[in-house]
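A.B. asks: Please arrange chains B and C on chain A, whose structure you already have, making use of the hints.
In case you want the letters, here they are:
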Amino acid sequence: MARLLPRKDVVIMGLGWTGSILAQELTTAGLEVLALERGPWRDTASDFNIGYMPDELRYAIRKDLFLQPAQEAMTMRNNRTQTALPMRDYGSFLPGAGVGGAGVHWNGQCWRYAPTDFECKSHLTRRYGARKIAELQLQDWGVTFDEIEHCYDRYEYLCGTSGKAGVIKGVVQPGGNPFEGSRSREYPNPPLKMPYSSSLFTKAALEYGLHPFPSPSANVSRPYVNSLGVAMGECTYCGYCERFGCANYSKSTPQTTILPVLIKKRNFELRTECEVMKINLHPDGKSAKSITYVDATGTEYEQPGDLVILCGYGLMNVRMMFLSGIGKPYDPRTGDGVVGRNYCYQTGGGGATLFFDDKRFNPFMGAGALISAAHDFNGDVFDHSNLDFVGGASISSGQTNGRPIGSRPTPPGTPRWGSQWKAATAATYGHVMNIGGSGSSYATRGNYLDLDPTYTDSHGRPLLRITFDFPDNDIRMQNWVGTQVEKIARSLNPKAMTMGKASKGWNVVPYQSTHNTGGAIMGADPKTSAVNRYLQCWDVSNVFVMGASAFPQNAAVNPTGTVCALAYWAAEAIRDRYIKHPGPLVPA
Amino acid sequence: MSAALTFCRRRFLASVAALPVLTASHALARSLSGIKPPFSPFAGDPPKPINPLGWYFLRPAEVAMMEAIVDRFIPGDHLSPGGKDAGCATFIDRQLAGSFGTSSRLYTKGPFMPGLPTQGYQGELTPAGRYRLGLARLADHVRTHYAGKDFAALNHGQQDEVLAGLESGKIELKLAPGFSSRAFFELMLQNTMEGFFADPLYGGNRGMASWKMIGFPGARYDYRDYVDKHNQPYPHGPVSIYGEHA
Amino acid sequence: MKRAVAVLGVAVLACATAAQAAPDPARIAAGHYQAILADCLGCHTAPGGKPFAGGLVLETPFGKLATPNITPDRDTGIGGWSPAQFRDAIKSGVAPGGRRLYPAMPYPSYARISDADINDLWTYLGTVAPVRNRVNVNLLSFPFNIRALMVGWNWLFFKPAAAASKPGKSADLIRGEYLVNGPGHCGACHTPKNLFGADRAAALTGASLSGWFAPDITAQARRGVGSWRVGELVTYLKSGHNSHSMASGPMAEVIENSTAQMRDTDLSAIAAYLKDVPGDGASPTALAANGARMKAGAALYEENCQGCHNPGGDGQSIIFPPLAANPVVQQASAETLIRVVLAGTQAAQTARAPTAAAMPSFAWRLDDAQVADILTYIRNAWGNAAGAVSPNRVARSRAALQRR
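Protein chains in written order, with the working numbering: chain A, 1 to 588; chain B, 1 to 246; chain C, 1 to 404.
Same shape as in the complex, but just chain A:
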């Protein structure tokens, strides 16, 4: 029997990026906000000690900071002809855990999506006709880039994002991305220093006629005091970024940008090691009344709240909607329903590995976003009229790390063990650079999320089931971009080169990307979206669902910037409109 607790104005599930942003905004508006986080408190000095953080085995290989599959796993299959089985260890993607969530161990690639990404379906239909996109299930987002531009700006100034603007108030700026949506002002910090590999790529890309620019980085390039008065140090290019906590306050995370201000507030409370079991709805199913959760001792509580915001990792938010009976589950056979709809990922492969004798890259000098990119083949920047796909990829090259367990390339044909292996490893390490493409991931009818019929967690609740394979469209797109990458790579005259290929058969074992999107998508039509343009549930108006679960399909670049911009966007709607008039913000 759950113990009933005193009511709070707002109850938030998960204190990662979106939970921290929403809590900060809504406590500033005067509301009593409670955040329930199933992981532990984490912060820099006690958990990311500069002396033992540089431990590849512990954090990158054994994945100490990540969600342990024993706490929550998921099942997967490529399509409905297969039986989904559990990912007994995470490989392909690595969800976060603890306060700060994935915001602690992310790379810090802090992107905006392009204007056409938000109106993907209508734009591509206008340009190429409906048949071009018939095999996909593309949808518009219900918001435009221009509407949320100021939210991107807020997030970037919170983080101290370091970069070079490409278009300011409609005017193209040299050195930036000329294809980006027009922004109101420059980044708060200049770009990081450019490493050797990025400089070679930049030169080659320019010669190829592309427009390379430094990737926007939440590894800040100089000491910074953000919009809340919270200070950050400058990135020291340590090469222990993704999968690690930052030891010197130079990666933007909830801890380094928001939490010191947030947990000082008396109208904010954080309960850690409290796992949400489900959202309880009123009998008419139209509003939520409380959250049931279990604390570290196993005691069950019922926490009433006027407003419930799901701020877990996107996949967890979708699962929670299923477990709570919020929204109509998606049926891939009919295409009806909304919860679980339009699950997407990130398209990879088609990259080049270049081997040199005469170039030394010092790959261990790296940062998560220490990359130069070119978007000439991104999205719909280029004309697809004579191509057999839509979408595109961000081409990039840089140095994130040179950690040797994971990264010790040898030329093609080298054995994987023995004396030859060793000689090749010793000769090759530090003389290799990569040029890769990160591609859009477009929705299809058959890629979706639901609850697994067989496998359960330690509380007996069904695991989330992922049914996904890379759409043919995306494979064609990625390999076409790969042909461009190959040309650029060859122009650098490497001694040897290998090219990867994008292929079907998504495999959960090797790491690819932790960009899982969709499942609780936003849109203008409640028949094809689970949340409206303010990320408010159509069906249950006092539940909002944050995260990349809101994306109807995924663009080519990292989602966090857009996830957080939408969090600010939703916070504004809640603060300025919902609180005064609780109820649906958009007529159904």
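It should be emphasised that the hints constitute simulated quantities derived from the structure, not laboratory data. It should be emphasised that the depicted structure is a prediction, and the values quoted were computed from it without experimental measurement. Backbone N, C-alpha and C fix where the C-beta goes; we use that ideal spot for every residue, glycine too. Errors might be hidden in some of the hints.
[Stated by the list, open to error] Once the Cα atoms are required to be at most 20 angstroms apart in a straight line, the calculated PhoX-like pairs of lysine-lysine come out as:
1) C/K238 to A/K264
2) B/K212 to A/K359
3) C/K50 to A/K264
4) A/K265 to C/K50
5) A/K203 to B/K229
6) A/K359 to B/K229
7) B/K229 to A/K193
8) B/K48 to A/K63
9) A/K193 to A/K203
10) B/K36 to C/K238
11) A/K264 to B/K36
12) B/K36 to A/K265
13) A/K359 to A/K203
14) A/K203 to A/K487
[As the list claims (entries may be wrong)] Footprint (simulated), chain B over chain A, 3 or more residues, beta carbon under 8 angstroms:
15) 39 to 51
16) 195 to 201
17) 238 to 250
18) 405 to 416
[What the hints assert, rightly or not] For the chain A half of the interface with chain C, some residues (derived, Cβ under 10 angstroms), not all of them:
19) P223
20) Y224
21) V225
22) L228
23) G229
24) G233
25) E234
26) P260
27) K264
C.D. replies: Okay, now just chains B and C, sitting in the frame of chain A:
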């Protein structure tokens, strides 16, 4: 001039347990509201360097096999000591004796069903169980095919032949559902390489031999002065987490 | 956790003084400010405890004391006291019934406060939420637990007369002297003590207290605030940092609870006074950079410290303090430095500087010789000059810290 007694005015020390390292206070603070970010002196969870003596999991026959295997994966030569002298077998032993060996992090609920190659490991055996079974079957195989000898007694060519056979699938040991000979080979190779390239505190990479070999500086944190010195070697040698220098 | 304290408006008073009209909000506010000046909250609140409910254990060279509950609770606090009894306790160190207080309660400093201000403080404390918390105050060992001994101590060391104003000093300096030596009781930490725990003559030149060394805050050019401008000292007291240094440990609490809430005019007065207290003219010579210990320290500094404090020891913005020209680094005693390296420390959190970043603990990684070398190096690099640190000194601190 006013007078006062010396005293300690702050809340830091009186209640802190007398340990050099402490689980951070966050473990206790389950409700945080209206406070500064928690801090306690000595808070942290540094990794424990392994005791290099003895064997915690591998039995003597298994030790002999693993030392020979890691020495073929990584032979000793002018570039670096071999896998055995580098401590790779010790590393693997300590990993198998710990949470890696027991799969304590992983999802181990049934039912266990055969999976597709895209679905990852679906077997019931933990890594500790896989080594125990795999090494036993491998020992049987070697005795059968090499006139009763143990793996460690084979010459290098024969040892390489066996390992290559596992790698290619030519040798099919009878292992367990979801656990093939190739998977066993991959597990041993992966763990050997982990031991060779990880921080020495875990038992392998003794003397930071692998890092010296490839020019990896180890547990350093500040390259600001070097990142834009393109195409130039980094001038410092490696340092380990516990401050060991080459 | 610190709860909001109702100060203004209609306050239901649990104060045990005879039924009277609700006190004047202006007096309550004035009393609140006195509490800020005197930093009552800092000592009379236990970690995680309710405000003013006592229970903080103070470590003195004579043993432990726990601070009493000064909320208006009748039973376990001071709700049953009269204003006169309160005044006697604060200014004379005598509690109701003639019980002598130990000068851990800095009554020798508070003796400077006027009766009217004490009365306002009493009024304010009457509005604080009463908390039932019975504190066993006297944890000292025999014979120090005999309070009557304080009669003799007071006779030897307590001169309660107000300090005569120095002729010709400005109002600012007079106010500053009062704040520093009166309610601010800065000398309680910053003035070295004799064997009896009473002040020595070298006021404000720095003193050791249980694992921290409260630095010299005279106008000494290197170890004190002599090279700081008045505005920089004000910034430090208000926000917890300036371009020279950053507060952590006990001073962080003082800033959070006391100085960050003082009026700017009072902060300027304090700053002006401190810069008017002459420091000694000592100007030590730095150790040569090519010495063995300096070179060892420099290498360790590069590997362990420069990722935050920078290769040139100049720190970063308001997050990592500089070490170059930082008085904390150059004190006669390295006690603070040793404990900060071993145990870590956390910056003050103020409205202006909310980050509250923390330095991690290095005790697990650095042995005593390494800590000694690093500290010797930073005390003598970049223009700094101070005595070397010995491994034995580090060992003693490490043992003491881990015993607590």
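A.B. asks: Hint compliance check: list the failing hint numbers for this structure, sorted ascending.
C.D. replies: none
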